[in-house]
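Protein chains in written order, with this note's numbering: chain A, 1 to 407; chain B, 408 to 579.
Careful, some of the hints might be misleading.
As the list claims (entries may be wrong) - Derived DSS-like pairs (lysine-lysine); straight-line CA-CA distance at most 30 Å: (1) 119/A x 437/B; (2) 498/B x 99/A; (3) 99/A x 493/B; (4) 105/A x 57/A; (5) 437/B x 123/A; (6) 437/B x 524/B; (7) 437/B x 99/A; (8) 532/B x 522/B; (9) 249/A x 123/A; (10) 105/A x 445/B; (11) 437/B x 105/A; (12) 475/B x 498/B; (13) 104/A x 475/B; (14) 524/B x 498/B; (15) 131/A x 475/B; (16) 104/A x 532/B; (17) 119/A x 131/A; (18) 99/A x 532/B; (19) 131/A x 445/B; (20) 123/A x 522/B; (21) 99/A x 522/B; (22) 437/B x 122/A; (23) 498/B x 104/A; (24) 524/B x 131/A; (25) 475/B x 105/A; (26) 105/A x 498/B; (27) 105/A x 524/B; (28) 153/A x 99/A; (29) 131/A x 99/A; (30) 522/B x 437/B; (31) 153/A x 119/A; (32) 524/B x 104/A; (33) 105/A x 493/B; (34) 522/B x 104/A.
Claimed, not checked - Stretches of chain B that chain A covers, calculated by requiring three or more beta carbons in the stretch to come under 8 Å of a beta carbon on chain A: (35) 426-436; (36) 466-472; (37) 527-541.
The hints are simulated quantities; they were obtained by calculation from the structure and are not laboratory data.
No residue lacks a Cβ here, since even glycine has one placed at the ideal position from N, Cα and C.
These are the residues of each chain, in order.
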Amino acid sequence: MVLEATMICIDNSEWMRNGDYAPRRLQAQADAVNLICGAKTQSNPENTVGLLAMAGKGVRVLVTPTSDLGKILACMHGLKIGGEMDLTAGVQVAHLALKHRQNKKQQQRIIVFAGSPIKHDKKTLEAIGRKLKKNSVAIDVVDFGELDDDDGKHEKLAALVAAVSNNDNSHIVPVPTGSSALSDVLISTPIFTGDGEGGSGFAASAAAAAAGGMSGFDFGVDPNIDPELALALRISMEEERARQEAAAKKAAEDDAKGEKGAEQASSSNDATMSEAGNTSAVAIDDKRRNLSDDEAALLEEALAMSMDVGKNKSVDIADTDMSDATTEDPELAHALQMSLQESTKEPVSQSDMSKVLEDPSFVASVITSLPGVDPNDPSLKDLLASLEGQSETLKKETDESKKDGDK
Amino acid sequence: MSSSVIPRGQVDLVDFVDWSGVECLNQIGKNPIANALKQGYRDDDGLHLESDADEQLLIYIPFTQVVKLHSAVITGPEEEGPRTVKLFANKEHMGFSNVNDPPSDSFNISADNLKGKPVTLKYVKFQNVRSLTIFIEDNQGGGDVTKLQKISLYGTTVDTTNMKDLKKIEDH
Chain A
1 MVLEATMICI DNSEWMRNGD YAPRRLQAQA DAVNLICGAK TQSNPENTVG
51 LLAMAGKGVR VLVTPTSDLG KILACMHGLK IGGEMDLTAG VQVAHLALKH
101 RQNKKQQQRI IVFAGSPIKH DKKTLEAIGR KLKKNSVAID VVDFGELDDD
151 DGKHEKLAAL VAAVSNNDNS HIVPVPTGSS ALSDVLISTP IFTGDGEGGS
201 GFAASAAAAA AGGMSGFDFG VDPNIDPELA LALRISMEEE RARQEAAAKK
251 AAEDDAKGEK GAEQASSSND ATMSEAGNTS AVAIDDKRRN LSDDEAALLE
301 EALAMSMDVG KNKSVDIADT DMSDATTEDP ELAHALQMSL QESTKEPVSQ
351 SDMSKVLEDP SFVASVITSL PGVDPNDPSL KDLLASLEGQ SETLKKETDE
401 SKKDGDK
Chain B
408 MSSSVIPRGQ VDLVDFVDWS GVECLNQIGK NPIANALKQG YRDDDGLHLE
458 SDADEQLLIY IPFTQVVKLH SAVITGPEEE GPRTVKLFAN KEHMGFSNVN
508 DPPSDSFNIS ADNLKGKPVT LKYVKFQNVR SLTIFIEDNQ GGGDVTKLQK
558 ISLYGTTVDT TNMKDLKKIE DH
């Protein structure tokens, strides 16, 4: 959130009549200016932006640095095309305008839209660049429009930016002609993202609105503005992906040898559940009833996710998942029996279950944290058992689920 | 501070510098003004203030209270140390464009000064100083880079109330 005063230098020369940036180069610049102003003001409300036109009858300051966006937009409307751009004069006048800014604490920045050919030579530009650096002014150059390198336009601009740049605070952005608008291309550049979190958030949402796509942040939602929403979207995306993966695996593979896979899955369940100890364990238990090799993989993924997040939403989603996939697979029951035999010998009985339930405070705390879960659900009881996190519970649960499966 | 002698009755004004407002134009990022001004940094021979795009430097030092300046010690390396120095009292937000205004004082730094001999200022011009701007026009060798090891300012305060000090006394 850098406190900054920015002067935007617009190219309104005859070259701007060209329609290669829709609808006309001048309008494309206007849109870009619009976006920049918004981004700057959003990243810090005390930022000011000013506007000047480099061509026409001569370099003219249209708006001195102000935080009033309306003024700036109004000025862009009345702008006439004509004449030739004078880059050096434009930059120097911009520097002067910045020098007389109201709030001397603001950093100085100039943004130049260079659309027409540059008649000055590289040395002059470099000298100006050094002067700007000396006065701690940063510069951003948008190289668009006439892109031919006959007169070394890009080279000259690059030299200018290099001369000014102090710790990479200045950038040059070449924008090729093409279908995407000037402003869209700019959004992903350091001109916007260099503003810091607030600016890029604005840019990201603006991009999402404008292009209908994702840029900067996933899902078009800024984690800073709405972290819960962004998080929820991310989780559901991951779970969807995991579910599809598992479905693909299931289609690819036949039923398991089961034994090893089931046991490993069960033990990994317990280990992870004891660590996590959260709501999604209910869903996990549902899943375990229908254990098979491929589903074990899904299970582990879900566990990993739930460990990271621990949100109810994943529970709901996972629940719907597994009820769809429920089978009374005889091979599954067989697999469970095998795993049962192979696990460490411990007398499995209801008394073990009751031991867990004798810890009422623990039970209560867990249950209360689970909205929408029926406390009498046998799967929940299994959950409680698993939260003890011992190998005994592994046996208990497999026994329970086997019993449930047999029912 | 073995290399400099504090003139009698004067204090080192480093304690009265308002650090939040200290600025230096044309300094290189990794060798900033703090290296030359701050206690500890300025005595470290490894740290110095260096100019960036060319050999000129413009240093703005506000004070937390009104002071009178008596003398200054400016040290630096023989070749790249500063030569022509101009001082401006109470001029806010100077830029390189108005450094040609008449200064409050200006002097040339000699080799002795670079080793630590204090420069006596025109005391009468610095009776009521809220901020000081130091403009370094060129350096000894004439090269593109000016380096400064230390800037120390000596003088007295005009006994204005420093609100921070007030609080400390109340703590007793």
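Now for the hints, and whether the structure bears them out:
About 36 Å separates the Cα atoms of residue 119/A and residue 437/B, which puts this hinted pair outside 30 Å; it is violated. Between residue 498/B and residue 99/A the alpha-carbon distance is near 15 Å, which keeps this suggested pair within the 30 Å criterion. At most 30 Å may separate the alpha-carbon atoms for a hinted pair to count; residue 99/A and residue 493/B meet this at roughly 22 Å. Between residue 105/A and residue 57/A the alpha-carbon distance is near 33 Å, which puts this suggested pair outside the 30 Å criterion.
A distance of roughly 27 Å separates the Cα atoms of residue 437/B and residue 123/A; the hinted pair therefore holds under the 30 Å criterion. Our distance criterion of 30 Å between C-alpha atoms is met by residue 437/B and residue 524/B, whose separation comes to about 27 Å. For a cut-off of 30 Å, the pair hint linking residue 437/B to residue 99/A stands: about 25 Å separates their Cα positions. Distance check on the hinted pair: residue 532/B and residue 522/B sit about 25 Å apart at the alpha-carbon level, within 30 Å; holds.
With a C-alpha separation of about 64 Å, the suggested pairing of residue 249/A with residue 123/A is violated against the 30 Å cut-off. For the hint linking residue 105/A to residue 445/B, the alpha-carbon distance of about 22 Å falls within 30 Å, and the restraint holds. With a C-alpha separation of about 21 Å, the suggested pairing of residue 437/B with residue 105/A holds against the 30 Å cut-off. A distance of roughly 15 Å separates the Cα atoms of residue 475/B and residue 498/B; the hinted pair therefore holds under the 30 Å criterion.
Of the pairs offered as hints, the one joining residue 104/A and residue 475/B holds, with about 26 Å between alpha carbons and a cut-off of 30 Å not exceeded. Between the alpha carbons of residue 524/B and residue 498/B the distance comes to roughly 27 Å, so the proposed pair stays at or under 30 Å and holds. In summary, the hint linking residue 131/A to residue 475/B is not supported, as the alpha carbons are separated by about 34 Å, beyond the 30 Å threshold. For the suggested pair residue 104/A and residue 532/B, the alpha carbons sit about 26 Å apart, so the restraint of at most 30 Å is met.
Distance hint between residue 119/A and residue 131/A is fulfilled; the C-alpha atoms sit about 20 Å from each other, no more than 30 Å. Only pairs whose Cα atoms come within 30 Å are accepted, and residue 99/A paired with residue 532/B is accepted, the gap being roughly 28 Å. Using a Cα cut-off of 30 Å, the hinted pair residue 131/A and residue 445/B holds, with the two alpha carbons roughly 28 Å apart. For the hint pairing residue 123/A with residue 522/B, the CA-to-CA distance comes to about 39 Å; that exceeds 30 Å, so the pair is violated.
For the hint pairing residue 99/A with residue 522/B, the CA-to-CA distance comes to about 37 Å; that exceeds 30 Å, so the pair is violated. Proposed proximity of residue 437/B and residue 122/A is supported: the alpha carbons are some 28 Å apart, at most 30 Å. At roughly 14 Å between alpha-carbon atoms, residue 498/B and residue 104/A fall within 30 Å of each other, so this suggested pair holds. Distance check on the hinted pair: residue 524/B and residue 131/A sit about 33 Å apart at the alpha-carbon level, beyond 30 Å; violated.
Only pairs whose Cα atoms come within 30 Å are accepted, and residue 475/B paired with residue 105/A is accepted, the gap being roughly 27 Å. For the suggested pair residue 105/A and residue 498/B, the alpha carbons sit about 16 Å apart, so the restraint of at most 30 Å is met. Between residue 105/A and residue 524/B, the direct Cα distance comes to roughly 35 Å. Violation of the 30 Å bound is thereby established for this hinted pair. Proximity of residue 153/A to residue 99/A is assessed by CA-CA distance (about 28 Å); at most 30 Å being required, the pair is judged to hold.
Simply put, residue 131/A and residue 99/A have alpha-carbon atoms about 13 Å apart, close enough for the 30 Å limit, and the pair holds. Restraint check: the Cα-Cα separation between residue 522/B and residue 437/B comes to about 24 Å, which is no more than 30 Å; the hinted pair holds. The suggested pairing of residue 153/A with residue 119/A holds, with an alpha-carbon distance near 9 Å, which does not exceed 30 Å. Distance hint between residue 524/B and residue 104/A is unfulfilled; the C-alpha atoms sit about 36 Å from each other, more than 30 Å.
The hinted pair formed by residue 105/A and residue 493/B meets the criterion: a straight-line CA distance of about 24 Å does not exceed 30 Å. This hinted pair does not check out: residue 522/B and residue 104/A have alpha carbons roughly 36 Å apart, beyond 30 Å. Proximity of the segment 426-436 of chain B to chain A, defined as three or more residues with a beta carbon under 8 Å from a beta carbon of that chain, is established by the 3 residues found. Under a criterion of three residues with beta carbons nearer than 8 Å to beta carbons of chain A, the stated coverage of the segment 466-472 of chain B fails, only 0 such residues being counted.
Restraint check on the segment 527-541 of chain B versus chain A: 0 residues with Cβ-Cβ distances below 8 Å, three needed, restraint violated.
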